[in-house]
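Line order of the protein sequences matches chains X and U. Here the first sequence is numbered in this note's numbering, starting from 1 and rising by one per residue. Here the second sequence is numbered in this note's numbering, starting from 94 and rising by one per residue.
None of these hints come from the bench; they were simulated from the model. If you're wondering where the values come from, they're calculated on a predicted model, not measured in any experiment. Heads up, some of the hints might be wrong.
Stated by the list, open to error - FRET-style restraints, in silico, Cβ to Cβ:
1. U:Gly281 - X:Arg14: 34 to 44 Å
2. X:Pro18 - U:Asp331: 22 to 32 Å
3. X:Lys36 - U:Ser246: 25 to 35 Å
4. U:Asn271 - X:Glu33: 32 to 42 Å
5. X:Tyr12 - U:Pro155: 23 to 33 Å
As the list claims (entries may be wrong) - Anything over 10 Å on all C-beta distances counts as not near chain U; from chain X, calculated:
6. Thr9
7. Gln26
8. Glu64
9. Asn76
All C-beta atoms, glycine included, are put in the ideal place defined by N, C-alpha and C.
Okay, here's what each chain looks like letter by letter:
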Amino acid sequence: MRVEERLYTLRYKRDEKPHLEIKDQQTCNKCHETYKSPCIIVCPANVYSFVEGKIIVSYENCLECGACKIVCPFNNIIWKYPRYGLGISLRYG
Amino acid sequence: MKYDAIVIGAGPSGSASAYTLAKNGYKVLLIERGSEPGAKNVSGAMIRESEISKVFETKDIPFERIVKRVRLIFRSKDDESEIIVKPKSKLYTISRLKFDKWLAQRAENAGALLITKTTVTGIEGNKVMTERGSVEGDKIVIAEGANALLSMSLGFRRELKNEETVLGVKEVYASTRNEVEKRFNLQGDEGESWRIISDYPLPSAGFIYTYKDSIAIGVGARVDEIITRGIRPFELLDSFKMPYVELVKGFSLREYSAKIIPENGFPSFKPCEGSVYVTGDALGLVDPLTFDGIGPAIISGYLAGKAENCYSYSKMLFEAREISKVIKSRPLVKELLPNIGLYSHLVNDFLTSWVEGDFSKLRYYKSSLGKLMKHLILGLGVIE
Ligand SMILES: Cc1cc2nc3c(=O)[nH]c(=O)nc-3n(C[C@H](O)[C@H](O)[C@H](O)COP(=O)(O)OP(=O)(O)OC[C@H]3O[C@@H](n4cnc5c(N)ncnc54)[C@H](O)[C@@H]3O)c2cc1C
Ligand code: SF4
Ligand code: SF4
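Extracted from the complex, chain U is given alone in its bound form:
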């Protein structure tokens, strides 16, 4: 069987690619290993409408809640400060199964053929091998996600190193819509998202997202930190959850999941060769500062679908705002991560000093001014 294009993986990136190709009149096959799109995928998740709407009509997007408040929390062993941000742009929380199904359906509605429960095992020339037989495609898009077995076997990229990999662990606790709204003081479709930066028991970034009738709670830490400190992922999650047990009290645990998040990739990973293109997490396109990976995955999938050749794909990737942001954030995050403790303390000390009207506590940070300046300059580099 021959197709104009074969897309491997029906996550956000693959579905965006298949949708773009099908809309442009290509005969497209979209192959997914899970029993349905989303069945194998994990995110928090919060998404930005401004990114999704570059590719998809977002009118009927299956969101959980529209984020009205984001709580930023800086936590160290003994201190905690909180800043509440009211986002001006439209942010949604989503659960991946519903969201990924919706995305894949856009691709199907545009004419792509989706087959599930089928794992691609290799690519040779324009032949795509699966456990059910092989198919041919003039263009091949690998949108296989962070555990990029195919991209690695074909030499597009290497394996991630421990220090370039975050492991995210997550739980979903369910109750009733009413109860979620009561606990977070929400009305209707309104939602709240929390981001928690902490240096205890190891540098980590956690999240709490409100879904319709449930709460997602999770934390990510770099794999090298997990290994050297010998803290198991579920121990980290338990320690992270401790201050928030009241939030899920009486709720029932519905799901436990985990996934790696890449913190390195394009341009050091090769995005394409000949008629084979790599997109999304497989290309390492997660913003390490915000953990925003779905937006870049969708944009890169769209660009791979649109690109006429490998050169133009690489060029478009560099030019896309969502992708260049990822590349620029990496050096900053490399600097910030070992200093999470410093910043948690700084934010806490600054806020308490302000409240108490005595800034003498901040004397201690004088010796870190050089470092702070460096981070500020790197930070300014992230801003266009």
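Same shape as in the complex, but just chain X:
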């Protein structure tokens, strides 16, 4: 099953303000070459991807698992929580 199909099962309330941000794009390009972007590998929700040589963050899909922040070798992700209870809401958990 594709990740997108799994994400369809979830309830999200989108925070207009992204809760995840990349500090520096250049660092990501370097990381992609040397470390193959660990954030892309570890993310269970395909939040990170390279599109035309630029890292894109689809923060709306984030499961708030906390893994990408840990694996980023350059500490290049500004990781905050979505505001006011927005973001994901689980039914089973």
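Put chain U with the ligands on the given structure of chain X with help from the hints.
Just chain U with the ligands now, with coordinates in the frame of chain X:
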């Protein structure tokens, strides 16, 4: 606004803390970032009544099923063995939304004020900052869970390393009560839990839990293994699920979730300073051997609520059985993890040798005897 105590996070640890404080007459504010308690939280989950009942009256605990059988499965690429254990103590499966709501309600019934949809963004002295303004509290308990942004920003602990972090991914498949009971041969409230230790495609520990009318299926692997082997979490979950597809055939996928699990922490993380206390996953209190984190979270929350000062909290943590078990298990797990393959094979070879009446297959393990002894000794250290 001033409170006697402010508790950050309405997970098991925070609610246990708020409940304890409120019951002792403190004016307590419990702050949760989710739309309701549990909305942001992930577990398998199986809990032990003996741990919960140390803090809460468990009469009306919202369990899914009472676990009558635990299936332990050792899997390697080509082999699989299974041991069935009938637990003597009371184990429940729970789903977090219902369970966390119930816990938070205990705190509210005891007099704590719960506010949701509010994220704490910082702490300065006895001031707790949120996105809706700030409040003051004489005592502050940080029960924020494994993604411990506050505890880290305040210097209570550092970030986890890849090799100290497990990523758990989980799916819930729903059908009818009847169908779940039929597939697992269960009656009434009875439930079954599976624990699957596997070294393929990477060292991992999986679970299958029966809920009332659904099945939870998930797997956890260390983040460093995921990264070095380049296996995506959902690929790992798919590979793990493959032998069990019949179990969920015809069921519908209701939820997909993931969360990190800490495998290091107290005493190397600082549990308190002045009147600020850290509890539960934020302090890294998950037993890496059993993935039991809810019990230690509740116990530590309770102790932080009870503690008169930082010194007594640290002391009580060391003395609590549920917490010392976590600390003692870590060195053993560090040893076991790279050897999961060895053990999966050993268990499989031992059982087949026994069935076949020929133990010559076990010759191969002679060279590993030193290692096995070391693990046994470490294992004995976990037993009190
Ligand atoms: C896949 C998986 C399976 C597991 N299986 C089991 C199991 O079977 N049995 C078991 O005992 N344990 C299990 N665990 C471990 C267990 O989930 C944790 O140990 C437990 O949830 C820890 O409780 P806690 O209260 O410390 O943290 P959490 O449950 O994470 O609660 C923290 C709370 O704080 C809130 N919060 C965080 N930051 C803020 C902030 N800044 N402001 C306001 N609120 C905030 C969060 O929204 C959350 O409600 C499992 C974990 C995973 C990931
Ligand atoms: S891991 Fe960090 S540096 Fe590397 S691509 Fe991802 S965000 Fe950029
Ligand atoms: S927190 Fe988890 S789900 Fe969200 S972007 Fe990071 S790795 Fe992906």
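task = Check the non-interface label on Glu64 (chain X): least C-beta distance to chain U beyond 10 Å or not.
result = Its Cβ does come within 10 Å of chain U, the nearest being 6 Å, so this is violated.
ask   = Taking the minimum C-beta separation from Thr9 (chain X) to chain U, is that value above 10 Å?
value = violated, 5 Å
request  = For Tyr12 (chain X) and Pro155 (chain U), compare the CB-CB distance with the range 23 to 33 Å and indicate the outcome.
outcome  = holds, 25 Å
query = Is the gap between the beta carbons of Gly281 (chain U) and Arg14 (chain X) within 34 to 44 Å?
reply = holds, 42 Å
ask   = Can the suggested window of 22 to 32 Å be confirmed for the beta-carbon pair Pro18 (chain X) and Asp331 (chain U)?
value = Hint holds: Cβ distance 29 Å, inside 22 to 32 Å.
key: Outcome for the supplied range 25 to 35 Å, where the beta carbon pair is Lys36 (chain X) and Ser246 (chain U)   = holds, 29 Å
Non-interface label on Asn76 (chain X), tested against every C-beta of chain U at 10 Å = holds, 13 Å
task = Quick one: work out the minimum CB distance from Gln26 (chain X) to chain U and report holds if it exceeds 10 Å, violated otherwise.
result = holds, 22 Å
request  = Just tell me: holds or violated, for the beta carbon distance of Asn271 (chain U) and Glu33 (chain X) against 32 to 42 Å?
outcome  = Between Asn271 (chain U) and Glu33 (chain X), where Cβ atoms are some 55 Å apart, the hint is violated.
When each numbered hint is compared with the structure, violations occur for hints 4, 6 and 8.
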